[in-house]
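Engineer: Which chain is which? The protein sequence lines are A and B, in order. Following our numbering, the numbering of the first sequence begins with 1 at its first residue and continues without gaps. Following our numbering, the numbering of the second sequence begins with 330 at its first residue and continues without gaps.
Hints were generated in silico from the structure; no laboratory data involved. Glycine included, C-beta positions come from ideal geometry on N, C-alpha and C. Treat the hints with caution; some may be incorrect.
[Claimed, not checked] Below, computed lysine to any residue pairings styled on SDA-like, alpha-carbon distance capped at 20 Å:
hint, chain 1, residue 1, chain 2, residue 2
1, A, K105, B, F378
2, B, K542, B, K553
3, A, K105, B, V360
4, B, K553, A, A88
5, B, K545, A, V142
6, B, K542, A, Q98
7, B, K545, A, Q87
8, B, K545, A, G143
9, B, K700, A, G84
10, B, K553, A, W81
11, B, K542, A, G148
12, A, K139, B, R372
13, B, K542, A, V142
14, B, K542, A, E101
15, A, K105, A, R138
16, B, K545, B, F533
17, A, K105, B, P374
18, A, K105, B, Q537
19, B, K553, A, T67
20, A, K269, A, T313
21, B, K553, A, G65
22, B, K445, B, R476
23, A, K137, B, A365
24, A, K269, A, L307
25, B, K493, B, G463
26, B, K542, A, R141
27, B, K553, A, L66
28, A, K144, B, E369
29, B, K545, A, Q99
30, B, K700, A, L66
31, A, K303, A, R258
[Unchecked claim] Pair ranges (Cβ atoms, derived):
hint, chain 1, residue 1, chain 2, residue 2, range
32, B, I701, A, D126, 36 to 46 Å
33, A, D193, B, W555, 30 to 40 Å
34, A, A88, B, A574, 42 to 52 Å
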Amino acid sequence: MNAITNSTATQPAPRTALRCNALVKKYGEVTAVSGLDLEVRAGECFGLLGPNGAGKTTTVEIFEGLTNADSGDVELLGMRWGAGNDQALRERIGVALQQTELADKLSVEETVRLFRSFYARGGDVDHIIRLVSLEEKRKARVGKLSGGQKQRLAVACALVGAPDLLFLDEPTTGLDPQARLQLWGVVEKFRADGGTILLTTHYMEEAARLCDRVAIMDHGRVIALGAPGELVASLGADQIIEFSVTSEAGELQEAPLRRLPGVTGMRAKEATEANGVSYLLTVSEIGVALPALLAELEGENVKLDQLTTHQATLEDVFVNLTGRMLRDG
Amino acid sequence: MAEADQNLLTDVVTGSLPESKNLGKRTHPLVELTLARVREFARQPEAVFWVFGFPLLLAFALGIAFRNTAPERLPVAIESGAANTAETAAAISRSADLQAVVMSPAEAAQSLRTGKVALVVRSETAASRGFSPGFDYRFDPARPESRIARLAVDDALQRAAGRKDAAAVREQTFTEPGARYIDFLIPGLIGLNLMGSGMWGLGFVIVQARTQKLLKRLAATPMKRWHFLLSFMLSRLVFLILEVAAILAFAYFVFSVKIHGSLLSFMLISLIGSLAFAGIGLLVAARPRTIEGVSGLMNLAMLPMWLLSGSFFSASRFPDFLQPLIKILPLTALNDALRAVMNDGASLGASATGIAILSAWGLVSFVVALKIFRWQ
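Next comes chain A alone, as it looks inside the complex:
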């Protein structure tokens, strides 16, 4: 016991649950994953954050052994796919795919029991159903469940084998806020019991709440990596001013705005169909920056169209890096 405590006390490098190097996957002309390096530590909840089409699902499916990479190396739980122990590896991972439709005609309990039968180890069926709070629905057909209940059942099926490593691909996409909260609870419980999680999402608040670390992906690459708080802090600001101006003003000059007091950065956001160009100012002191901005615009004789301010989030990190919104894809 002593020896163990001592060795932890010396802070060895955290053990790795999953590592990939120079991962590449192409579908014809399209490069889905473009030289990805990643490391997930044992016991952490790691988030892959990015817009649709960033390559998150392809990456996760390579990790899950469902898709073969064109090149690169993946090691999970000290093993590799295709090295003769795929079966052993599958025993130790849990998977919830993006939008799996489980068999409609089976009941919740029958579905969990079926999945449980595939794994040599794992919890008791009742226990797993309780874990995802579906006790009242245990006799209900899968086809009759709500979206949130289906998703919790999918997570239950991922948990039946008491996995060491859990993959959740967009687990809460399309769910209402309450269903999302319930699912987060399941994930947090698994994490608290010592499990390692890799989840993908395009919801910043989900990543910020659940993940110890996130990698922001875009075009098959990691463009930022760190704890959610660190990434937000890297903006060098805690407030964001977003504004747009009436169209007759044309493009604004960036330099004068950047020089305003309290402003730490600026970025023009690409126009979308709904909105024209808007501008994002990252500011450290909103009380100073906002009056200065208004005075500057008035001095230039530019009319404001819209202006909002908010606390900086991971979304702003993404916008700051790419000029696009996460959800715009």
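Put chain B on the given structure of chain A with help from the hints.
Structural biologist: Coordinates of chain B only, in the frame set by chain A:
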């Protein structure tokens, strides 16, 4: 905290788990998978109808259409207009096998074309022939009943004209049980149904599971892939007994069709046939991504057997050069083996070749399906 971390790390690295994580009892995956198949099927009322209801309706309709009645008289047309028309018609009607109908030449030609009469008789007067009265027979030699009518009409007219039989004959007639059309039909329907339910029952379920990514999800579990495929074949066995029993009971009570051989042999052949078609069903469903795709392939696989395998009429009617091909079709092998037991009372050994053909189809299809199966 540190200790908990350390425990976790050993867990992750060695895969060992605290007792609390290893509570669950589990049933054998093959049992669970087969149960899932059976439940999914039984919970689809429309599938249940197509497997059980449809063949019964078909057997009923065909049984009624081809029911055994007293042999019918063959209708024969006599062209009106000749002087001796009435005498000719009377002579023909004296035959127990024929029924004479007098009609105009145009009407007669029309009736012959549409199959309402088997043959048309025209009296030739002495004037038009230049010698004693004679007859013209018009008929299609490709129609068996027309050829019978020709013989019977000729016999009746020659006797009427004064021909004497040279030898005395005696007739003994009997109807053998098991030789009626319905006796021939029932084993064929069972064969056809085993093929249809084996292939449709599997194909749709598999392709649907593929389109909704359920197969992909299963591929991410440690489930043994052959367990999954085998569960489809096993689930077929559950339904097989019901399917075959339903048709047999129906045929027995409605048409008094009996099994002359052993029921056990009959069920055993049904079982092997059912497994063979489940194997072929798996193979057909191994790759397609859409319901349309698998439907096309299913029809392509089944159509030749619908036509050639002798479910509704004997396959021996097809030309000789096709026979080797017909013989190796699984449905032919199944139909022949079922009929051997049911109608001829043959032993299982008599159908050894057929059973071997069926087993080969089942086994090869299963192995190939497992190899080429598309999981996503």
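Engineer: Give a verdict on every hint.
Structural biologist: Now the hints, each set against the structure:
1. A/K105 with B/F378: Holds: A/K105 and B/F378 sit about 17 Å apart, inside 20 Å.
2. B/K542 with B/K553: Roughly 17 Å between the alpha carbons, so the hint for B/K542 and B/K553 holds.
3. A/K105 with B/V360: holds (17 Å)
4. B/K553 with A/A88: holds (12 Å)
5. B/K545 with A/V142: holds (18 Å)
6. B/K542 with A/Q98: Given that 20 Å is the threshold and the Cα spacing comes to 9 Å, the pair holds.
7. B/K545 with A/Q87: Cα-Cα ~15 Å, so holds.
8. B/K545 with A/G143: holds (19 Å)
9. B/K700 with A/G84: holds (17 Å)
10. B/K553 with A/W81: It holds: about 16 Å lies between the C-alpha atoms, which stays within 20 Å.
11. B/K542 with A/G148: holds (18 Å)
12. A/K139 with B/R372: holds (14 Å)
13. B/K542 with A/V142: holds (15 Å)
14. B/K542 with A/E101: holds (7 Å)
15. A/K105 with A/R138: holds (13 Å)
16. B/K545 with B/F533: holds (16 Å)
17. A/K105 with B/P374: holds (11 Å)
18. A/K105 with B/Q537: holds (13 Å)
19. B/K553 with A/T67: holds (18 Å)
20. A/K269 with A/T313: holds (16 Å)
21. B/K553 with A/G65: holds (15 Å)
22. B/K445 with B/R476: holds (15 Å)
23. A/K137 with B/A365: The hint holds at about 18 Å.
24. A/K269 with A/L307: Satisfied, since the Cα-Cα distance of roughly 14 Å is no more than 20 Å.
25. B/K493 with B/G463: holds (17 Å)
26. B/K542 with A/R141: Between B/K542 and A/R141 the Cα gap is close to 18 Å, so the pair holds against 20 Å.
27. B/K553 with A/L66: Holds. B/K553 to A/L66 sits at ~15 Å (cutoff 20 Å).
28. A/K144 with B/E369: Satisfied, since the Cα-Cα distance of roughly 15 Å is no more than 20 Å.
29. B/K545 with A/Q99: holds (11 Å)
30. B/K700 with A/L66: Judged against 20 Å, a Cα distance of about 16 Å means the pair holds.
31. A/K303 with A/R258: Given pair A/K303, A/R258 holds - Cα atoms ~19 Å apart, limit 20 Å.
32. B/I701 with A/D126: 36 to 46 Å: holds (39 Å)
33. A/D193 with B/W555: 30 to 40 Å: Cβ of A/D193 to Cβ of B/W555: about 34 Å, so the range 30 to 40 Å holds.
34. A/A88 with B/A574: 42 to 52 Å: holds (45 Å)
Consistency with the previously given hints is maintained throughout, with no hint failing.
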